[in-house]
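With the hints as extra help, turn the sequences into a complete structure.
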Amino acid sequence: DVKVTQSSRYLVKRTGEKVFLECVQDMDHENMFWYRQDPGLGLRLIYFSYDVKMKEKGDIPEGYSVSREKKERFSLILESASTNQTSMYLCASSLQREAYEQYFGPGTRLTVT
Amino acid sequence: GENVEQHPSTLSVQEGDSAVIKCTYSDSASNYFPWYKQELGKRPQLIIDIRSNVGEKKDQRIAVTLNKTAKHFSLHITETQPEDSAVYFCAASLTGSARQLTFGSGTQLTVLP
Chain X
839 DVKVTQSSRY
849 LVKRTGEKVF
859 LECVQDMDHE
869 NMFWYRQDPG
879 LGLRLIYFSY
889 DVKMKEKGDI
899 PEGYSVSREK
909 KERFSLILES
919 ASTNQTSMYL
929 CASSLQREAY
939 EQYFGPGTRL
949 TVT
Chain C
272 GENVEQHPST
282 LSVQEGDSAV
292 IKCTYSDSAS
302 NYFPWYKQEL
312 GKRPQLIIDI
322 RSNVGEKKDQ
332 RIAVTLNKTA
342 KHFSLHITET
352 QPEDSAVYFC
362 AASLTGSARQ
372 LTFGSGTQLT
382 VLP
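Heads up: the sequence lines are chains X and C, in that order.
Going by the working numbering, the first residue of the first sequence is number 839, and it counts up by one from there.
Going by the working numbering, the first residue of the second sequence is number 272, and it counts up by one from there.
Honestly, the hints are just simulated from the structure, not real lab data.
Small disclaimer: the values here were computed from a predicted structure and weren't measured.
All C-beta atoms in this analysis are idealised placements derived from N, C-alpha and C, irrespective of residue type, glycine included.
Treat the hints with caution; some may be incorrect.
No farther apart than 25 Å at their CA atoms in a straight line, the calculated lysine-lysine pairs in the PhoX-like style are these [unchecked claim]:
#	chain 1	residue 1	chain 2	residue 2
1	X	K908	X	K891
2	C	K293	C	K328
3	X	K841	C	K313
4	C	K328	C	K308
5	X	K856	X	K891
6	C	K313	X	K851
7	C	K339	C	K329
8	C	K308	X	K841
9	X	K841	X	K909
Here are some chain C residues pointing at chain X (derived, C-beta under 8 Å) [stated by the list, open to error]:
#	residue
10	Y303
11	G375
12	S376
Structural data, given as structure tokens:
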């Protein structure tokens, strides 16, 4: 059974703080993704990675960066948090050679005040 | 890049009735179309998917149809039950480095008892 975990379910940070969100998967998946979910906007891709140390921008990368030093771990970094980054953040992973199914983590509800 | 539009944004049906959710996509090279279901407070989970070489796929009470010419695909749920109440997301994927998905904005389905 695929398991994707995220470091926090709820997080409250102040404007300007550096924020780290961490995602870990235990199924040796090559691909990992970070999305943000906002009402009426669906799931929007921030960054993704298809291999260790590889990263590519998604649709909304501004204000974010990522790190993938190990295959099982993918971190999302908010360099200087702003109130418009208040959102639900979802991590996902998938096998590169399989049928594209993405397995999601439980999400982190981030509030920036 | 790919753009996916999803309609309606909300849908209420009586228990036992059918529900249909429609999506259109912009890039004719997209070749994989999954549907995810997200129950309240839970993570999105894949419920059905279809590839561009197939016109229709069925799994018990749910079915997906694909019209490549018109670039649209639909989710059909028959004999709806209260547990079908959730947010449903369509998505489209190009063959890329990580087969990343572009999601629609979601449909809140409510099944009324």
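Against the structure, the hints come out as follows:
no. : hint              : verdict
1   : X:K908 <-> X:K891 : 8 Å, holds
2   : C:K293 <-> C:K328 : 15 Å, holds
3   : X:K841 <-> C:K313 : 14 Å, holds
4   : C:K328 <-> C:K308 : 17 Å, holds
5   : X:K856 <-> X:K891 : 21 Å, holds
6   : C:K313 <-> X:K851 : 23 Å, holds
7   : C:K339 <-> C:K329 : 18 Å, holds
8   : C:K308 <-> X:K841 : 17 Å, holds
9   : X:K841 <-> X:K909 : 14 Å, holds
10  : Y303              : 5 Å, holds
11  : G375              : 6 Å, holds
12  : S376              : 4 Å, holds
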